[in-house]
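Sequences listed follow chains B and V, in order. Residues are numbered in our numbering as their position in the first sequence, beginning at 1, plus a constant of 14. Residues are numbered in our numbering as their position in the second sequence, beginning at 1, plus a constant of 14.
No lab work stands behind these hints: they were computed from the structure. A couple of the hints might just be wrong.
The list treats identical chains as interchangeable, and a pair is accepted whether it falls inside one copy or across any two copies.
Unchecked claim - Think about it this way: if two alpha-carbon atoms lie no more than 16 Å apart in a straight line, the pair counts; the simulated EDC-like pairs of lysine to aspartate or glutamate are: (1) 444 <-> 509; (2) 104 <-> 127; (3) 104 <-> 52; (4) 464 <-> 52; (5) 464 <-> 42; (6) 104 <-> 180; (7) 444 <-> 515; (8) 444 <-> 373; (9) 104 <-> 159; (10) 444 <-> 52; (11) 102 <-> 182; (12) 444 <-> 338; (13) 444 <-> 135.
Protein chains: 2
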Amino acid sequence: MNLNPDALVLRRLGIDTYQELVAYLRSDSPICRSEGFEAQSRIQVCCGSRHIIATLNVVHESLIGRHQLGLSEAAWHALGGEDGVPVKVKHAPPLQSFSAVRGKIYGRPFTSDAVEAIVHDIAGGHYSDIEMAALITACSGNRMDVAETIALTRSMVGVGQRLYWERDIVVDKHCVGGLPGNRTTLIVVPIVAACGLTIPKTSSRAITSPAGSADTMETLAPVGLDLPAMRRVVDQEGGCIVWGGAVSLSPADDMLIRVERPLGLDSDGLLVASVLSKKIAAGSTHVVIDIPVGRTAKVRSPAAAAALAGRLIEVGTALGLAIDVVQSDGSQPVGRGIGPALEAWDVLAVLRNEAGAPDDLRQRAVTLAGRLLELGGKALPGQGVALAMEVLASGAAWHKMQALCAAQGGMREPGRAAHTHVITAQHAGKVVAVDNRRLARLAKLAGAPKASAAGLLLHVALGTTVEVGQPLYTLHAESPGELAYALSYAHAQEDLYTIEEHP
Amino acid sequence: MNLNPDALVLRRLGIDTYQELVAYLRSDSPICRSEGFEAQSRIQVCCGSRHIIATLNVVHESLIGRHQLGLSEAAWHALGGEDGVPVKVKHAPPLQSFSAVRGKIYGRPFTSDAVEAIVHDIAGGHYSDIEMAALITACSGNRMDVAETIALTRSMVGVGQRLYWERDIVVDKHCVGGLPGNRTTLIVVPIVAACGLTIPKTSSRAITSPAGSADTMETLAPVGLDLPAMRRVVDQEGGCIVWGGAVSLSPADDMLIRVERPLGLDSDGLLVASVLSKKIAAGSTHVVIDIPVGRTAKVRSPAAAAALAGRLIEVGTALGLAIDVVQSDGSQPVGRGIGPALEAWDVLAVLRNEAGAPDDLRQRAVTLAGRLLELGGKALPGQGVALAMEVLASGAAWHKMQALCAAQGGMREPGRAAHTHVITAQHAGKVVAVDNRRLARLAKLAGAPKASAAGLLLHVALGTTVEVGQPLYTLHAESPGELAYALSYAHAQEDLYTIEEHP
Numbered sequence: 015m016n017l018n019p020d021a022l023v024l025r026r027l028g029i030d031t032y033q034e035l036v037a038y039l040r041s042d043s044p045i046c047r048s049e050g051f052e053a054q055s056r057i058q059v060c061c062g063s064r065h066i067i068a069t070l071n072v073v074h075e076s077l078i079g080r081h082q083l084g085l086s087e088a089a090w091h092a093l094g095g096e097d098g099v100p101v102k103v104k105h106a107p108p109l110q111s112f113s114a115v116r117g118k119i120y121g122r123p124f125t126s127d128a129v130e131a132i133v134h135d136i137a138g139g140h141y142s143d144i145e146m147a148a149l150i151t152a153c154s155g156n157r158m159d160v161a162e163t164i165a166l167t168r169s170m171v172g173v174g175q176r177l178y179w180e181r182d183i184v185v186d187k188h189c190v191g192g193l194p195g196n197r198t199t200l201i202v203v204p205i206v207a208a209c210g211l212t213i214p215k216t217s218s219r220a221i222t223s224p225a226g227s228a229d230t231m232e233t234l235a236p237v238g239l240d241l242p243a244m245r246r247v248v249d250q251e252g253g254c255i256v257w258g259g260a261v262s263l264s265p266a267d268d269m270l271i272r273v274e275r276p277l278g279l280d281s282d283g284l285l286v287a288s289v290l291s292k293k294i295a296a297g298s299t300h301v302v303i304d305i306p307v308g309r310t311a312k313v314r315s316p317a318a319a320a321a322l323a324g325r326l327i328e329v330g331t332a333l334g335l336a337i338d339v340v341q342s343d344g345s346q347p348v349g350r351g352i353g354p355a356l357e358a359w360d361v362l363a364v365l366r367n368e369a370g371a372p373d374d375l376r377q378r379a380v381t382l383a384g385r386l387l388e389l390g391g392k393a394l395p396g397q398g399v400a401l402a403m404e405v406l407a408s409g410a411a412w413h414k415m416q417a418l419c420a421a422q423g424g425m426r427e428p429g430r431a432a433h434t435h436v437i438t439a440q441h442a443g444k445v446v447a448v449d450n451r452r453l454a455r456l457a458k459l460a461g462a463p464k465a466s467a468a469g470l471l472l473h474v475a476l477g478t479t480v481e482v483g484q485p486l487y488t489l490h491a492e493s494p495g496e497l498a499y500a501l502s503y504a505h506a507q508e509d510l511y512t513i514e515e516h517p
Numbered sequence: 015m016n017l018n019p020d021a022l023v024l025r026r027l028g029i030d031t032y033q034e035l036v037a038y039l040r041s042d043s044p045i046c047r048s049e050g051f052e053a054q055s056r057i058q059v060c061c062g063s064r065h066i067i068a069t070l071n072v073v074h075e076s077l078i079g080r081h082q083l084g085l086s087e088a089a090w091h092a093l094g095g096e097d098g099v100p101v102k103v104k105h106a107p108p109l110q111s112f113s114a115v116r117g118k119i120y121g122r123p124f125t126s127d128a129v130e131a132i133v134h135d136i137a138g139g140h141y142s143d144i145e146m147a148a149l150i151t152a153c154s155g156n157r158m159d160v161a162e163t164i165a166l167t168r169s170m171v172g173v174g175q176r177l178y179w180e181r182d183i184v185v186d187k188h189c190v191g192g193l194p195g196n197r198t199t200l201i202v203v204p205i206v207a208a209c210g211l212t213i214p215k216t217s218s219r220a221i222t223s224p225a226g227s228a229d230t231m232e233t234l235a236p237v238g239l240d241l242p243a244m245r246r247v248v249d250q251e252g253g254c255i256v257w258g259g260a261v262s263l264s265p266a267d268d269m270l271i272r273v274e275r276p277l278g279l280d281s282d283g284l285l286v287a288s289v290l291s292k293k294i295a296a297g298s299t300h301v302v303i304d305i306p307v308g309r310t311a312k313v314r315s316p317a318a319a320a321a322l323a324g325r326l327i328e329v330g331t332a333l334g335l336a337i338d339v340v341q342s343d344g345s346q347p348v349g350r351g352i353g354p355a356l357e358a359w360d361v362l363a364v365l366r367n368e369a370g371a372p373d374d375l376r377q378r379a380v381t382l383a384g385r386l387l388e389l390g391g392k393a394l395p396g397q398g399v400a401l402a403m404e405v406l407a408s409g410a411a412w413h414k415m416q417a418l419c420a421a422q423g424g425m426r427e428p429g430r431a432a433h434t435h436v437i438t439a440q441h442a443g444k445v446v447a448v449d450n451r452r453l454a455r456l457a458k459l460a461g462a463p464k465a466s467a468a469g470l471l472l473h474v475a476l477g478t479t480v481e482v483g484q485p486l487y488t489l490h491a492e493s494p495g496e497l498a499y500a501l502s503y504a505h506a507q508e509d510l511y512t513i514e515e516h517p
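Next up, chain B with everything else stripped away, as it sits in the complex (with noise of 0.2 Å):
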């Protein structure tokens, strides 16, 4: 059906939208007039064998060639094309699964059927941002039941790559949102790796925090392993930590939450399904899940952690995991630094068991690893957090922590910054509210996480009495614009401490 005498060709347009599948093509280009395309349209991309389905924005000027296809870099990587090759492009099919969207939109409940399909064509990159906004909607406000999140769950893994470890016994922790300098996992790993569990914890970058635990794990040792590399690891140290960007552990997922995020709503059965589905895919059996709670945290009363809890049990169990949920304290940012290697160096002085290593940073991680060593067998209930403490202090853990770092591509020492910035408390009192939220915005202004030795050192903590020209926190920047950048920012918040005077 292409009456057009000349075809086109694929044009990267080096234009990042943030995997939204977006090609470009002239308003005056033989295609767009035959085809009836308009800007929006759906259209399928099809280069050889392999074809995406994309937003189409019309080009009015000379940006490209009549006869090219622009991809944005998204849609550039899932055709994986080359610049020059032919391409042809028709108006996409209907979306035949978002019928069950717009029937749960409705009132009526999702089939495990619909579920798979909405997940395929999702994974597929078939959703436009639209119709996943739309999903998301669908299933925000406590509209999944039970039985839904679970048919998500499963049809997330469904979709993605899974591993397989060869070991009836698989660990893994996660921790629900994110709490500055919660770096518990560069302590938890070694831990229950040197007790001879097996824990390949794949980690993520920071999307919207000044770190991940891959960030900061990076300032250590290399975390870019690919599967058999990983593998390796693992089978000789019984753990490690890497960024999971390698493996595609649930796409489906991936694409949900770049939607998910900008938009704000709290989905438990969504969070349910990508925490557990990721779990699943990574081949993990036992699981300890962290639940921070606080007033700027993202779960903000017990009870909603609670629902949460009860939620992740009861679909984790119905999965097959063995599952056990913490719920921690989410009032202020734990350690002292925040930002990859500040909070690489916070992690240092706990496994080291320095004296002046922060004892925050080092409960939560014995919490959680002890919660694991019960978990998996290697202690009796309730006697795992004395022996995570015993690996901590002997210095087993260090030891164990060293040997993954080798055995990842070799230790190193996190940086330190050239410039820093003292700020100092305006009035004298007693510290009752700290603001996690824009503590991390500041850490991300001074640089972090791009900058791996930029971010914030805390000096107080709740609950802390301060006299004028005290230290609160210091900047830490790589460079002098960067500092300012962040000093002027910084300046322009009046509370990022709550500070009560005294009477």
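With chain B held as given, fit chain V onto it using these hints.
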């Protein structure tokens, strides 16, 4: 807080994102790094005293200069800038009104104040597409009550331009959901204007259909009148039929429709607010609304039509409109032509009382005109249709239409397509169903509405008994390529007309 050595300057990129405001920055631009912008960040772009909120696309290659800020067409027009003028960008302020949308998703009804804030932000271009998709989803499936719909309608009127006509009675008509060929407007307006009512009709151009009333009218007279010209025509002739695009009657509704349409969600609340806000903004006091009901029409069942009619009357009455609703047959196209000029020929045949004029179009027009004459006090209850028929039969309506066209800039004759092809029945039998949607698509493939003479001329209707080889419809196109293109689609369709063979 601008610490960058170099300022940004505007650049029109000529990318049509269909009203979504998109800005393009190089990843290596100083501002991207210093502000921590990422792909899909929502940013505020300030140019002199004007500003817009846009979604950021990060550009990796040399599409634009390091110190340029590219804008999509919609962003360019919204900001009203010029190539090369200096511009400032920063993170968009948080969208406060979206918290009410989140509340709605969690089951809390909208307050009037919340609706007003949301509509204000939408009209200002502050909602991203995914935020609008979430709002639309939250309002779909009968989740908006009458009070919310009234608040939404009132707020939509509040943010747009509003017309005043200095008359007690200003009438209007509207058809919910397009039915191909249903061009009653061009007959109703001259009938009721000839009877002395005031009917300043603003019509739309086709968006997804092969012709809007404005497109059809444009084949007879100019329709792109500005407000003073429109006022002059109405003062002189009592009515007009112009394109509504020159006046911005309900800009928030225009933004929502753009996201609503591809999602295909039904929300009586949004539909009622959309229709009534535009009528009120246009200064109407007495309105008749036509709801075609049919399997391939927008409203598919009499029950759905009744619910919609009830909501229209309740909300319209609350906002001071005198309102009447007509359910009509939506099972097949109206008249013979589909496409601007072909529909205009149907209209002319009815107005001129030609022997072969399509009776279905005439009947629908006099039904609606009769209701308007009764509602506007020009006919006693039950006598409107007779009066409308009389005005049509006497030639008074045709005389008025000629006067309207002359006042709008001069009457002209619709074009005739140079290329036609007759599609005939493949087997004998009775026509038992017609697919409105695919006939509309076929007319568009033939070139309608841009090629005004293109489209379809239908030769059979529901219930017709056809022989093998009997003409079903004729394709009309302005170029051989478009004819061939439409023809290949036509040949691929099995059941545009469902013909049941006799035993």
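Item to check | Status of residue 182 relative to residue 102 across identical chains (alpha carbons, at most 16 Å) | outcome: neither (49 Å within a copy, 58 Å between copies)
Next on the checklist: At most 16 Å between alpha carbons: which applies to residue 104 and residue 180, within, between, both or neither?
Outcome noted: neither (46 Å within a copy, 51 Å between copies)
Checklist entry - When no copy is named, should residue 444 and residue 135 be tagged within, between, both, or neither for a Cα gap of at most 16 Å? => result neither (53 Å within a copy, 40 Å between copies)
Item to check | residue 104 and residue 159: within-copy, between-copy, both or neither at 16 Å Cα | outcome: neither (38 Å within a copy, 41 Å between copies)
Checklist entry - Is it within, between, both or neither when you check residue 444 against residue 52 at 16 Å Cα-Cα? => result Neither way: residue 444 and residue 52 sit 61 Å apart in one copy and 37 Å across, limit 16 Å.
Checklist entry - What label fits residue 444 with residue 373 when the C-alpha limit is 16 Å: within, between, both, or neither? => result neither (20 Å within a copy, 85 Å between copies)
Checklist entry - Between the shortest in-copy and the shortest cross-copy C-alpha distance, which are at most 16 Å for residue 464 and residue 42: within, between, both, or neither? => result between (42 Å within a copy, 14 Å between copies)
Next on the checklist: At most 16 Å between CA atoms: does that hold for residue 104 and residue 52 within a copy, between copies, both, or neither?
Outcome noted: Classified as within; 12 Å inside a copy, 31 Å across copies.
Next on the checklist: Within, between, both or neither: how does the pair residue 444, residue 509 come out at a Cα-Cα threshold of 16 Å?
Outcome noted: within (13 Å within a copy, 78 Å between copies)
Checklist entry - Can you tell me if residue 444 and residue 515 fall within 16 Å by alpha carbon in one copy, between copies, both or neither? => result within (7 Å within a copy, 89 Å between copies)
Next on the checklist: Within, between, both or neither: how does the pair residue 104, residue 127 come out at a Cα-Cα threshold of 16 Å?
Outcome noted: Neither: 28 Å inside a chain and 45 Å across chains, both beyond 16 Å.
Checklist entry - Taking 16 Å as the upper bound on the Cα-Cα distance, should residue 464 and residue 52 be classified as within, between, both, or neither? => result between (39 Å within a copy, 12 Å between copies)
Going down the numbered hints, you'll see the structure goes against 2, 6, 8, 9, 10, 11, 12, 13, while the others check out.
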